[in-house]
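Single-letter residue listing:
There are 2 protein chains.
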Amino acid sequence: MDSYTHPYTFSQRAQQLTSSTIREILKVTERPEIISFAGGLPAPQGFPVDVINEAFGRVLAQNGRSALQYGPTEGYAPLRAWVAEDLKRVGADVSPDEILIVSGSQQALDMLGKLFIDPGSKVLVEAPSYLGALQSFSLFEPTYVAVPTDGGGLIPEGLTADSAAGARFIYALPNFQNPTGLTLSLERRHALAERCAALQIPIVEDDPYGELRYAGEALPGLLGIGRAAGATVVRLGTFSKVLAPGLRLGYIAAPRHIIAKLVQIKQATDLHTATLTQMAVYETIKGGFLTQHLPMVRDLYKQQCGYMLDAMAQHFPATASWTRPEGGMFIWVTLPEHIDGTKLLARAIERNVAFVPGEPFYAGAGAKANTLRLSFVTVPEDKIRAGIAILGQLIKES
Amino acid sequence: MDSYTHPYTFSQRAQQLTSSTIREILKVTERPEIISFAGGLPAPQGFPVDVINEAFGRVLAQNGRSALQYGPTEGYAPLRAWVAEDLKRVGADVSPDEILIVSGSQQALDMLGKLFIDPGSKVLVEAPSYLGALQSFSLFEPTYVAVPTDGGGLIPEGLTADSAAGARFIYALPNFQNPTGLTLSLERRHALAERCAALQIPIVEDDPYGELRYAGEALPGLLGIGRAAGATVVRLGTFSKVLAPGLRLGYIAAPRHIIAKLVQIKQATDLHTATLTQMAVYETIKGGFLTQHLPMVRDLYKQQCGYMLDAMAQHFPATASWTRPEGGMFIWVTLPEHIDGTKLLARAIERNVAFVPGEPFYAGAGAKANTLRLSFVTVPEDKIRAGIAILGQLIKES
Numbered sequence: 002m003d004s005y006t007h008p009y010t011f012s013q014r015a016q017q018l019t020s021s022t023i024r025e026i027l028k029v030t031e032r033p034e035i036i037s038f039a040g041g042l043p044a045p046q047g048f049p050v051d052v053i054n055e056a057f058g059r060v061l062a063q064n065g066r067s068a069l070q071y072g073p074t075e076g077y078a079p080l081r082a083w084v085a086e087d088l089k090r091v092g093a094d095v096s097p098d099e100i101l102i103v104s105g106s107q108q109a110l111d112m113l114g115k116l117f118i119d120p121g122s123k124v125l126v127e128a129p130s131y132l133g134a135l136q137s138f139s140l141f142e143p144t145y146v147a148v149p150t151d152g153g154g155l156i157p158e159g160l161t162a163d164s165a166a167g168a169r170f171i172y173a174l175p176n177f178q179n180p181t182g183l184t185l186s187l188e189r190r191h192a193l194a195e196r197c198a199a200l201q202i203p204i205v206e207d208d209p210y211g212e213l214r215y216a217g218e219a220l221p222g223l224l225g226i227g228r229a230a231g232a233t234v235v236r237l238g239t240f241s242k243v244l245a246p247g248l249r250l251g252y253i254a255a256p257r258h259i260i261a262k263l264v265q266i267k268q269a270t271d272l273h274t275a276t277l278t279q280m281a282v283y284e285t286i287k288g289g290f291l292t293q294h295l296p297m298v299r300d301l302y303k304q305q306c307g308y309m310l311d312a313m314a315q316h317f318p319a320t321a322s323w324t325r326p327e328g329g330m331f332i333w334v335t336l337p338e339h340i341d342g343t344k345l346l347a348r349a350i351e352r353n354v355a356f357v358p359g360e361p362f363y364a365g366a367g368a369k370a371n372t373l374r375l376s377f378v379t380v381p382e383d384k385i386r387a388g389i390a391i392l393g394q395l396i397k398e399s
Numbered sequence: 002m003d004s005y006t007h008p009y010t011f012s013q014r015a016q017q018l019t020s021s022t023i024r025e026i027l028k029v030t031e032r033p034e035i036i037s038f039a040g041g042l043p044a045p046q047g048f049p050v051d052v053i054n055e056a057f058g059r060v061l062a063q064n065g066r067s068a069l070q071y072g073p074t075e076g077y078a079p080l081r082a083w084v085a086e087d088l089k090r091v092g093a094d095v096s097p098d099e100i101l102i103v104s105g106s107q108q109a110l111d112m113l114g115k116l117f118i119d120p121g122s123k124v125l126v127e128a129p130s131y132l133g134a135l136q137s138f139s140l141f142e143p144t145y146v147a148v149p150t151d152g153g154g155l156i157p158e159g160l161t162a163d164s165a166a167g168a169r170f171i172y173a174l175p176n177f178q179n180p181t182g183l184t185l186s187l188e189r190r191h192a193l194a195e196r197c198a199a200l201q202i203p204i205v206e207d208d209p210y211g212e213l214r215y216a217g218e219a220l221p222g223l224l225g226i227g228r229a230a231g232a233t234v235v236r237l238g239t240f241s242k243v244l245a246p247g248l249r250l251g252y253i254a255a256p257r258h259i260i261a262k263l264v265q266i267k268q269a270t271d272l273h274t275a276t277l278t279q280m281a282v283y284e285t286i287k288g289g290f291l292t293q294h295l296p297m298v299r300d301l302y303k304q305q306c307g308y309m310l311d312a313m314a315q316h317f318p319a320t321a322s323w324t325r326p327e328g329g330m331f332i333w334v335t336l337p338e339h340i341d342g343t344k345l346l347a348r349a350i351e352r353n354v355a356f357v358p359g360e361p362f363y364a365g366a367g368a369k370a371n372t373l374r375l376s377f378v379t380v381p382e383d384k385i386r387a388g389i390a391i392l393g394q395l396i397k398e399s
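If you're matching them up, the sequences are chains A and B in order.
Once you know that position 393 of the first sequence is 394 in my numbering, the rest is easy, because the numbers rise by one and skip nothing.
Once you know that position 357 of the second sequence is 358 in my numbering, the rest is easy, because the numbers rise by one and skip nothing.
The shape of chain A in the complex, shown without the other chains:
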């Protein structure tokens, strides 16, 4: 922010927003010569462009005027019913009126901030956690308390009566977490659900990547496990990773009383999510398209992940350690303690390689600066190998 005095006053929350140093550094990743492992973009080869095109065409030809008119804040009823039915896949039995359609799950985070957070409210997050969620919640000025994680993700025992007291909710990504790529075991899911039920802490389960599992066995989600244990669970899902992110379409599954409040919030926030988009996505998926489509996407991600893990084994020193994700888009690297990820990024960019340093993913105390996040999704194999070789060399030189 500049020092010129403007003839207007921003809110406290807006004054606290600062331009991220990392974001400024990463602007260079748009240059074509950069090998960027920094992105969070899904692979565009996985977008079913023709199928989506046909679906938009059919909806506009058959129901154009409805598709272009205002719609209900709750969302398009057939899509809500589809989502409710689909949640059986993750072991949850929910009704269509427990589903609210939103404009991407980032919007769900904003709405949950509005619903639950007063200035100073305690919010429990994994350490590290999804940066976009931290940014979204931060507009409502919470106090973050980090629940520790280890190689198995969030540690339920780290959630104590003391750390949980007065917390408005705990935010968790159980599958192939962003940024770590870690997956919460079945045992930990049950332990977390029971603990949250006992401590009366609502669980916000964010599961953007769950359908992108390419190794290991699918596990039931926190929604079903938590409900069975008597916990309040709000689940966020998205079509960004199973269809395409440019559509901006996601959903919230929650108890009716919470959905009712979120509907009022959604109406004040943007009235409703685009009718045409909802109808076209429903048209795309209603006949079971995702069942045919997702294996191709999973194979693609598995292959890309394999290239990177293979190159890391070859080029990274034994002093570095990293996660081996069973799905999703990210690998998390822990370097020797004397190496700062942000400083490493500056040197990597001189060599035309980019990634995201780990520190911004930590809220509250205990950030580990010797970490970094690598995305393997959109980079071709030869560039993955070349970029990882350069990173390995830089780490060894550090």
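All the given hints hold, so there is nothing to weed out.
Identical copies carry no separate label here, and so any pair may be met within one copy or between two of them.
Restricting the straight-line Cα-Cα distance to at most 20 Å, the calculated cross-link-like pairs of lysine to aspartate or glutamate (EDC-like) are:
(1) K28 to E75
(2) K123 to D163
(3) K28 to D98
(4) K287 to D98
(5) K384 to E351
(6) K384 to E34
(7) K397 to D311
(8) K397 to D341
(9) K287 to D87
Since the hints were derived computationally from the structure, they do not count as laboratory data.
For this one, chain A is given, so just place chain B on it according to the hints.
Same frame as chain A, now just chain B:
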């Protein structure tokens, strides 16, 4: 809200949200036998379904992967440039980087609430004003101060150093205001701009209906007039009324320093507006389509407005008065003081006629309960005449 104790705590702002009595009453308007003047829906006959369908098809066929990928938070660059160019029409000279694309102008209201409003901040609004804006701003807990209006809309002289002191902004709809249908004269626009410049109050100009003028002469907007006078102006626009609302597409025009802050807010709010929608709308309008399309929409609205004014002249008593809009969607009725609009609605619904009572459109003190808003847009001529006859009879009996 029910009295059962839930195992979670909502934020103060969420606790204050109450289900609107009026909204509950108006749920009956979905019944087919109801003649509803309550809606705020544009006429679906005005939606260029085929042209939009072709545009989506071309974008997906030619640039499908880009259209389905994440995009920049600021919006699709060619659409930003188109909006900047289009604003010459309302007398403003702005650059594309002073434009931010949003998911409908309701989202702009939410983002301006985040940008400007702390709990208790003073916000100046017209009396009456757009209900959706009041709902949106209210999530950020402002204190409203009503600037009085008369038959010419907002009275600039009503904005005094005292009433304006510390206000974060004034929110105004200069063209065919919702709910009154009134248009601010050129003289008042200049007076308002000069006063806001002198008092250092930013102007938020909301202009959803400006292109729907079917009588009188087009006037320059507050953006250009305000800038020339040295005021800070934030303008909100939308494609909802010139193309179709189900797309959820709008924009904010503002000084760069404000846009920069709003971009950070937008990123936390929903990352960005759907790429495909932005590209398809740009594809629809880039060749000048709106110039061909809008005369048909204006003619339609003019005709519908004429039917209602004609029926009102025939059936309403001389003790009622009402506005004669030069554009837009609404007529505002002032009844004799002893008639309460909400009570009249209850009786009208028994006779299968609906409208929106005026009281909820007032923020702060001075609400006039003897008012109501009528929309003439989506009701066929015979039903307009029948519904107005019934309303006239009920008013006479009151």
